[in-house]
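Protein sequence lines correspond, in order, to chains A and B. Count the first sequence with the working numbering and you get residues 793 to 1106, in order. Count the second sequence with the working numbering and you get residues 793 to 1106, in order.
Take these hints with a grain of salt, some might be off.
The list makes no distinction among identical chains, and a pair is therefore deemed to hold if it is satisfied within one copy or across any two copies.
[Stated by the list, open to error] Here are the simulated EDC-like pairs of lysine to aspartate or glutamate, each with C-alpha atoms no more than 20 Å apart in a straight line:
no.	residue 1	residue 2
1	K949	D830
2	K1011	E964
3	K972	E1073
4	K1074	D820
5	K949	D966
6	K893	E1089
7	K1018	E856
8	K854	D820
9	K987	E965
10	K846	E829
11	K854	D869
12	K828	D1015
13	K949	E1073
14	K943	D1049
Hints listed in this document are in silico derivations from the structure and should not be mistaken for laboratory results. Quantities reported herein were computed from a predicted structural model and do not represent experimental measurements.
There are 2 protein chains.
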Amino acid sequence: MNKYCFGVDIGGTSVKIGLFTTDGKILDKWEIKTIKEDGGSAILPNIEQSLNDKMKEKLIQKSEIEGIGLGVPGPVDESGTVLNCVNLGWGVFNVTVEVTKLTGITNVKAGNDANVAALGEMWLGGGRGFSDMIMITLGTGVGGGVIHNGKIITGSKGAAGEIGHMIVNYNEEDCCNCGKKGCLEQYASATGIVKVANRLLARSNEPSYIRNRENLSAKLIFDAAKSGDKLALECVEQLGWYLGTACANIAAVVEPDVFVIGGGVSKAGVILLDVIQRHYEKYAFHAHKTKEFKLAELGNDAGIVGAAKLVIEN
Amino acid sequence: MNKYCFGVDIGGTSVKIGLFTTDGKILDKWEIKTIKEDGGSAILPNIEQSLNDKMKEKLIQKSEIEGIGLGVPGPVDESGTVLNCVNLGWGVFNVTVEVTKLTGITNVKAGNDANVAALGEMWLGGGRGFSDMIMITLGTGVGGGVIHNGKIITGSKGAAGEIGHMIVNYNEEDCCNCGKKGCLEQYASATGIVKVANRLLARSNEPSYIRNRENLSAKLIFDAAKSGDKLALECVEQLGWYLGTACANIAAVVEPDVFVIGGGVSKAGVILLDVIQRHYEKYAFHAHKTKEFKLAELGNDAGIVGAAKLVIEN
């Protein structure tokens, strides 16, 4: 195996790029702007330019590069075909073939960004040492990635790991952003938790640290829960129920070793892991009860790390 | 690739064995008794004897055998390690290593019987032409298998595909055989459907063909539904809801191309597929809505077919 590889995480605003050794060290990371005009046609040439510049700067030859991994914010199938990526203006084309054409490097692989981030956490983050892993990212939305045997499960059309759109409440009347009702994302995203809290607050008159807060946030709710606020604790309990039961149903399908929880909401820390795990163990099938729950560790680097891992054999 | 292979489906009562060509023809199939005494120690030697006898009978040389695939009624991990198989009296050991020792054939692979049956349906049955597939077997219990990219997802400890123990009803008060409450198996197994029907019958006085039947069965309920019986139709509708929502949540995790429905209950036919698909499409994430629903085709042969497929490269 060659000594170096690139991990590229293409986002709607910026492209994050990392230069790695193939044994898992980040040597450098930087960002370039995502130019979305003209169907995003400048994105790949700009990446190629940036990789070239970096190789010159670091005195690295192309022949020393093992490969280029790419995370893309949309569905990508096993073959590297992007299936409409509205955030970048991209239609349907094989992004790996394109990058090989531009760079002359043949080992190019691509995956959906959330799935690739999961792979990153498995390689160097919270899922280190495991090869069957579920990543759940609790942020503006709820994203996910499913890793089996050290590889991403892409799904048949690149749309696996949509954990946030598992239905966990069949009695919900409000709609999720996706149009369905009762999706995990409606309760476990940053705004979802606030919604759960507001519902609990509306149902009682009990005094609470989180009552009548103008900028009620997931952080405020967790902070209140940590200091023993009853309503905040109840809110965390509900969140744990939604996530724990979802994890139990995920385990029934793919039986991972570990669930890694990431995204802004996961900054709450161990209190979050514990409440998820408690509900998980109640609802999991007996053969699935003993699983690990870990916090993600790589933050925004998960994407470039996972992209690099795409081109490195186990 | 060599011309022949064996598929072996080890059950608690009998071992089914098939002789296949590696391009997918069943040349012969037969059964031997499963001898469970003495920790099931005679099972593998008896299989070896039976394979030898068959090769002699058919004038096939060992060198013409591509491999031996095994389905085992318990968890089996990627390496072929059986993790306690109470039905056979087996503890923890590597069944593939053992069969190689006995037969001298190196290409031996093993999987859980339900997962292996799913692989069989993908190769020569209802999932033919697809490589991302979920098999759901509706029988005494509800079993399952998850195929991604033409391979079984075993799970980290060989216990993936426990579709029957996804929770689909959080308000259930009765226990599933597994000890949990609200598992899919409680509604979608052969006895589960009867339970659903009895609950509907108890709730109304409406005359119905299925009322006061001594031997109410899934078949009777489907027959009544097909002839327009209102309560029976309502029962089928509920069954479709439970299975359809479970399939939607499965798709959120692994996004298959096709759901293949097998087991005794699936003899109901297209009426069953249609009602599952209708509810599925209502609850599935938008990127997952267009999936196929098919009936299993191989019946009891799925196990030997899938076992044979284990040792044949794609």
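Structure-based check of each hint:
1. K949 to D830: Neither: 25 Å inside a chain and 49 Å across chains, both beyond 20 Å.
2. K1011 to E964: Cα proximity of K1011 and E964: none, with 25 Å in one copy and 34 Å across.
3. K972 to E1073: between (27 Å within a copy, 11 Å between copies)
4. K1074 to D820: neither (44 Å within a copy, 47 Å between copies)
5. K949 to D966: This pair counts as neither: shortest intra-copy Cα distance 28 Å, inter-copy 38 Å.
6. K893 to E1089: neither (34 Å within a copy, 45 Å between copies)
7. K1018 to E856: This pair counts as neither: shortest intra-copy Cα distance 50 Å, inter-copy 67 Å.
8. K854 to D820: within (17 Å within a copy, 56 Å between copies)
9. K987 to E965: Within. Shortest intra-copy distance 13 Å satisfies the 20 Å Cα cut-off; inter-copy 29 Å does not.
10. K846 to E829: neither (25 Å within a copy, 68 Å between copies)
11. K854 to D869: Intra 27 Å, inter 40 Å, cutoff 20 Å: neither.
12. K828 to D1015: Intra 39 Å, inter 58 Å, cutoff 20 Å: neither.
13. K949 to E1073: between (32 Å within a copy, 17 Å between copies)
14. K943 to D1049: both (14 Å within a copy, 19 Å between copies)
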